[in-house]
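Taken in sequence, the protein lines are chains A and B. In terms of our numbering, the first sequence opens at residue 1 and continues consecutively. In terms of our numbering, the second sequence opens at residue 1001 and continues consecutively.
Bear in mind the hints are in silico, worked out from the structure with no lab data behind them. Watch out, some of these pointers could steer you wrong.
[What the hints assert, rightly or not] The calculated lysine to any residue pairs, modelled on SDA-like cross-linking and capped at a C-alpha distance of 25 Å, are:
{"hint": "1", "chain 1": "A", "residue 1": "Lys32", "chain 2": "B", "residue 2": "Ala1147"}
{"hint": "2", "chain 1": "B", "residue 1": "Lys1018", "chain 2": "B", "residue 2": "Ser1061"}
{"hint": "3", "chain 1": "B", "residue 1": "Lys1136", "chain 2": "A", "residue 2": "Asp21"}
{"hint": "4", "chain 1": "B", "residue 1": "Lys1136", "chain 2": "B", "residue 2": "His1160"}
{"hint": "5", "chain 1": "A", "residue 1": "Lys32", "chain 2": "B", "residue 2": "Asp1025"}
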Amino acid sequence: MRRRSRPTPELMRRLRQAKADLHDRRSAMSLKEKVAIVLELQHIYLPLLKRRRPLASWEHPWEVEP
Amino acid sequence: MEPVTSFANALRALEELKQLAVVEDYAIAGAMALVFWTEPIPTYDLDVLVFLPEREKPIVSLGAIYQWATVRGYAVDAEHVLVEGVPVQFLPSHNKLADEAIETAATLEYEGVAVRVVRPEYLVALYLEPSARTAKRRERAAALIEAAGTDQRVLKDLIHRFKLEP
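If we strip away everything but chain B, and leave its shape as in the complex, we get (with noise of 0.2 Å):
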C-alpha cells in the first residue's frame, strides 16, 4: 500500500497538539529521539514526554489527548495512538527528570515543521533511571555517551544530581 501521509504530518500534529493547549509541552523521547541525535536504529513507535494542563484532580489523565485523537479520527491501539499512521505513546512526565527533559528539550526542524526533541545528556540519565533500566536501554545510553554531541559536564551533573547509576 502507497503511503498517503509523512512522518513530517506526524510532528505537526504534536505541534498542534501544544498549539490546542491540550498538552502545556512535549518533548520525543525514545528510540526516534535518539536517532536525531545519533544513527539510524529500528523502532516501531514515537514516544511523546508531555506536561498535560494542571487539573485541580491531582491524578493525570491522557482523556484530552483521546479527545483531540477522536475528533481527529486518530486511532487508538493499546496505548498509543495513530498519528498520522505513526504510533505515538504519550508519556505524562512522571518525575522532576522528565520535567527536565522537557523543559530543557531541543527545538529541531524536520522537513520545516518545528519539533521538540529531548537532549541527549537527558535521554541517557532517562535510560538509566532504575524503573527504566533494560539490557536495550543501556546500549543505547552507550551509543549516546560516545556520541559527539553529548555534553559530558551536563551528564555527569545529571547523573550525581538524579543519583543514577552509569
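If we strip away everything but chain A, and leave its shape as in the complex, we get (with noise of 0.2 Å):
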C-alpha cells in the first residue's frame, strides 16, 4: 500500500482551532448580521436545493430587509 504523508498533529491543532475560531466569530456577529447571511444564503442555496428535490411553494428567499 501507498505510504502517504501526513499532516503533524500540531498542524491538525491549529486546523480545528481556526475552524473553531471562525465558528464563535459568526456567533458573534449581531443579529442584523446574522439575518443578512441568511437571506444571502436563501439564494445561493436555492439551486442546490431544486436540483435535489421539488421545492414546496413556501420555500424561496424572503424579500425582507434584514
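Two independent chains are provided; combine them into the complex using the hints.
Written as C-alpha cells, this is what we have:
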C-alpha cells in the first residue's frame, strides 16, 4: 500500500482551532448581520435544493431587509 | 424586486399576535432560533411555537391565527402564513416539553423589537424528540450542544426528565 505523508498533530490542532474560531466569530455577530447572511444563504442554497427535490411553494428567498 | 418590508416587521407582527390575545404566548423555534444563539444557517421559514387561548373544545384550531392573517392581508400558503414576506409556520404547543420551551423562552431584542426565542437547551431537547429526529436536526442539536451559551446542567436535566436520547 502506498505510504502517504500525514500532517503533524500540531498542524491538525491549528486547523481545528481556526475552524472553531470561525464558528465563534460567526456566532458573535450582531443579530442583524446574521439575518443578512441568512438572506444571502437563501439565494445561494435555492438552486442546490431545487436540483435535489421539488421545492415547496413557500421555499423562496424572503423579500425583506434584515 | 426590491424588499418592501423588513425582518423586524415580521417580528413586530408576532408581538402583535400576543398583544391582541390571538395567542397567549409564543416563541421562535427551529432554524431561526438557532441563528439567534449560534451562527447563520440557510432556512426558508420561521417556526413559531404558540400557546393558543383556552377554548371549550379539546381540539386546538389555528383558525384565530388565520383570521388575523386575513385581516392583516397576509397570504396563507400550505400551512405557512406569509407575515411581512416571511413564511411563518405556527406550531401549537404539542407537549410538556414544548410548553416549557415557550414558558422559559428568552426575550431578546432585534432592531428595537422584543422577540421571544426558545433557549438553546430547549431547542436541543426539541430536536432530540423521537418524532422530530432527522439527520439534519441531530446535526443542529450537536452544534447547539457545543455552543458557548448552552447550559449543560439544564440540558442534562431536560434529557433526563423527558427521557430523550442524546
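Evaluation of the provided hints:
1. A distance of roughly 19 Å separates the Cα atoms of A:Lys32 and B:Ala1147; the hinted pair therefore holds under the 25 Å criterion.
2. Only pairs whose Cα atoms come within 25 Å are accepted, and B:Lys1018 paired with B:Ser1061 is accepted, the gap being roughly 16 Å.
3. At roughly 23 Å between alpha-carbon atoms, B:Lys1136 and A:Asp21 fall within 25 Å of each other, so this suggested pair holds.
4. Restraint check for B:Lys1136 and B:His1160: satisfied, since their Cα atoms lie roughly 23 Å apart, inside the 25 Å limit.
5. About 24 Å separates the Cα atoms of A:Lys32 and B:Asp1025, which keeps this hinted pair within 25 Å; it holds.
Of the hints listed earlier, there is not a single one the structure fails to meet.
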